[in-house]
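**Q** These protein sequences, in sequence, are chains A and B. Throughout the first sequence, residue numbering follows the numbering used here, covering 44 to 344 in sequence. Throughout the second sequence, residue numbering follows the numbering used here, covering 693 to 780 in sequence.
Quick caveat, the hints were computed from the structure, so don't treat them as lab data. Computed from a predicted model, the values in this text were never measured in an experiment. All residues carry an ideal CB built from backbone N, CA and C; glycine is no exception. It is possible that some hints are incorrect.
[Said to hold, decoys possible] Short, incomplete list of chain B residues facing chain A, as computed with Cβ under 8 angstroms:
{"#": "1", "residue": "Y736"}
{"#": "2", "residue": "Y753"}
{"#": "3", "residue": "G758"}
[Claimed, not checked] Using 20 angstroms as the maximum straight-line C-alpha spacing, the simulated EDC-like pairs for lysine to aspartate or glutamate come out as follows:
{"#": "4", "chain 1": "A", "residue 1": "K301", "chain 2": "A", "residue 2": "D332"}
{"#": "5", "chain 1": "A", "residue 1": "K49", "chain 2": "B", "residue 2": "D745"}
{"#": "6", "chain 1": "B", "residue 1": "K724", "chain 2": "B", "residue 2": "E746"}
{"#": "7", "chain 1": "B", "residue 1": "K769", "chain 2": "A", "residue 2": "E267"}
{"#": "8", "chain 1": "B", "residue 1": "K748", "chain 2": "A", "residue 2": "D55"}
{"#": "9", "chain 1": "B", "residue 1": "K768", "chain 2": "B", "residue 2": "D747"}
{"#": "10", "chain 1": "A", "residue 1": "K211", "chain 2": "A", "residue 2": "E54"}
{"#": "11", "chain 1": "B", "residue 1": "K750", "chain 2": "A", "residue 2": "D137"}
{"#": "12", "chain 1": "A", "residue 1": "K190", "chain 2": "A", "residue 2": "D323"}
{"#": "13", "chain 1": "A", "residue 1": "K276", "chain 2": "B", "residue 2": "E765"}
{"#": "14", "chain 1": "A", "residue 1": "K49", "chain 2": "B", "residue 2": "D747"}
{"#": "15", "chain 1": "A", "residue 1": "K82", "chain 2": "A", "residue 2": "D102"}
{"#": "16", "chain 1": "A", "residue 1": "K108", "chain 2": "B", "residue 2": "E729"}
{"#": "17", "chain 1": "B", "residue 1": "K726", "chain 2": "B", "residue 2": "D745"}
{"#": "18", "chain 1": "A", "residue 1": "K190", "chain 2": "A", "residue 2": "E330"}
{"#": "19", "chain 1": "B", "residue 1": "K750", "chain 2": "A", "residue 2": "D55"}
{"#": "20", "chain 1": "B", "residue 1": "K726", "chain 2": "B", "residue 2": "E765"}
{"#": "21", "chain 1": "A", "residue 1": "K276", "chain 2": "A", "residue 2": "E330"}
{"#": "22", "chain 1": "B", "residue 1": "K748", "chain 2": "A", "residue 2": "E54"}
{"#": "23", "chain 1": "A", "residue 1": "K49", "chain 2": "B", "residue 2": "E746"}
{"#": "24", "chain 1": "A", "residue 1": "K276", "chain 2": "A", "residue 2": "D332"}
{"#": "25", "chain 1": "B", "residue 1": "K748", "chain 2": "A", "residue 2": "E330"}
{"#": "26", "chain 1": "B", "residue 1": "K750", "chain 2": "A", "residue 2": "E48"}
{"#": "27", "chain 1": "A", "residue 1": "K49", "chain 2": "B", "residue 2": "E729"}
{"#": "28", "chain 1": "A", "residue 1": "K248", "chain 2": "A", "residue 2": "E336"}
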Amino acid sequence: MNYIEKLRTSEDMVTPGMSACQGCCGELVLRRILQIAGKNTIVCVPPGCMSGAGVVGWDYQTGMKIPVHIPLLTNTASFLSGVSQMYQRKGRGDVNMIAVAGDGATADGGFQSLSGAAERNEKMLYVCYDNEGYMNTGFQRSSTTTKGSRTSTTPIGEAINGKQQPSKYVSLIMSMHALQYCATASPSHMQDMVAKIERGLSESKKGFAFIHVLAPCPTGWSFEPDQSIQIAKKAVASNMFPLWEKYNGNYYITVENKKPIPVKEFLQSMGKFKSLTDADIAQIQQEADTKYETLKKLASE
Amino acid sequence: MSKKVHISPLANEGMYILDTASWRTERPVINKEKCIECGLCLTYCPVNAIIFDEDKYKITYNYCKGCGICAVECPKKAIDMTPEGGEK
Chain A
44 MNYIEKLRTS EDMVTPGMSA CQGCCGELVL RRILQIAGKN TIVCVPPGCM SGAGVVGWDY
104 QTGMKIPVHI PLLTNTASFL SGVSQMYQRK GRGDVNMIAV AGDGATADGG FQSLSGAAER
164 NEKMLYVCYD NEGYMNTGFQ RSSTTTKGSR TSTTPIGEAI NGKQQPSKYV SLIMSMHALQ
224 YCATASPSHM QDMVAKIERG LSESKKGFAF IHVLAPCPTG WSFEPDQSIQ IAKKAVASNM
284 FPLWEKYNGN YYITVENKKP IPVKEFLQSM GKFKSLTDAD IAQIQQEADT KYETLKKLAS
344 E
Chain B
693 MSKKVHISPL ANEGMYILDT ASWRTERPVI NKEKCIECGL CLTYCPVNAI IFDEDKYKIT
753 YNYCKGCGIC AVECPKKAID MTPEGGEK
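Build out the structure end to end from the sequences listed, making use of the hints.
**A** Right, here's the structure in full:
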């Protein structure tokens, strides 16, 4: 069965009408993950875009066909550790334990509980949908925001020109834990993403699995809603978001970029980078190249 | 009658469903002559508004937000965005 057949026959676990914006890749990622995981699943969605959009329910109504919890921003991984431990003790190791968190709940506030759960190798799948900011409260900067990006807390003006610091590469940091499985995925490469989710789910029965998914945000990043997938494609093609995975201690680059496009093409396709100067673009290009070189070295060992 | 025990809590007033179809300003329409039934529109639809029924891909309009991703990603450009209004 190929991935399209799998997606068209599997049941959607999320409420059909949720208030995510038009063209939201976070919604796309959430639906695909739970379509693959199926009914035998417990989901944890910390505060963020997806829980704000109503998937955790509201006023004694639920937003999913499966049990869903809303932990705090900081304790998603430790909360799910407890749920996972209880299910193991009850002899229900077959249940999928999934956390779907934004980049704020993964790389900023929730990082210590995430790192702790990865170190203890708790049995769960932690998925981070990375829209590079706190989008549901109006696009404040997060640690995964790309350098030079306009956000509401790092505006463009005389004092500063967008975010001043380079982004934190959270998936590589996570892969340095002795975890079971770690990968990056992009919704534009759906076949690759579905394969990684399936692998992550099967590995999560043995230990901690982490998947970092890019989720372009039309509202925050300022581009037309219909361009979401095109932007994700450009991010992968320009090596801003390389696709790789790590299992059994080895790194593998899953989508090889023989001829990467310049990052300028990716940066100029959206509004949040409109104030970048040529020097800034050259610096971002260099960072992307360094990132890819590091990954290539890790994968060749 | 045995009491049902759930490990996880359940909501008791049904499902939260929002009428997202009212957001739409343009609706996607598949051109049946150009469509090659590849299924890429179904994989990329964030709302799962595209279904596979009787060996054909069909767009349902109950929750479609009209984002237009399907029209851009279609390799044969078989999906057109037509303005809302007029016939239902």
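**Q** If a hint holds in the structure, say so; if it does not, say that too.
**A** Tested hints:
no., hint, result
1, Y736, "6 angstroms, holds"
2, Y753, "12 angstroms, violated"
3, G758, "7 angstroms, holds"
4, A:K301 to A:D332, "13 angstroms, holds"
5, A:K49 to B:D745, "14 angstroms, holds"
6, B:K724 to B:E746, "14 angstroms, holds"
7, B:K769 to A:E267, "18 angstroms, holds"
8, B:K748 to A:D55, "19 angstroms, holds"
9, B:K768 to B:D747, "18 angstroms, holds"
10, A:K211 to A:E54, "35 angstroms, violated"
11, B:K750 to A:D137, "35 angstroms, violated"
12, A:K190 to A:D323, "8 angstroms, holds"
13, A:K276 to B:E765, "11 angstroms, holds"
14, A:K49 to B:D747, "15 angstroms, holds"
15, A:K82 to A:D102, "23 angstroms, violated"
16, A:K108 to B:E729, "29 angstroms, violated"
17, B:K726 to B:D745, "18 angstroms, holds"
18, A:K190 to A:E330, "10 angstroms, holds"
19, B:K750 to A:D55, "16 angstroms, holds"
20, B:K726 to B:E765, "14 angstroms, holds"
21, A:K276 to A:E330, "19 angstroms, holds"
22, B:K748 to A:E54, "18 angstroms, holds"
23, A:K49 to B:E746, "16 angstroms, holds"
24, A:K276 to A:D332, "17 angstroms, holds"
25, B:K748 to A:E330, "45 angstroms, violated"
26, B:K750 to A:E48, "15 angstroms, holds"
27, A:K49 to B:E729, "15 angstroms, holds"
28, A:K248 to A:E336, "32 angstroms, violated"
Hint compliance for this structure: hints 2, 10, 11, 15, 16, 25 and 28 are broken, all remaining hints hold.
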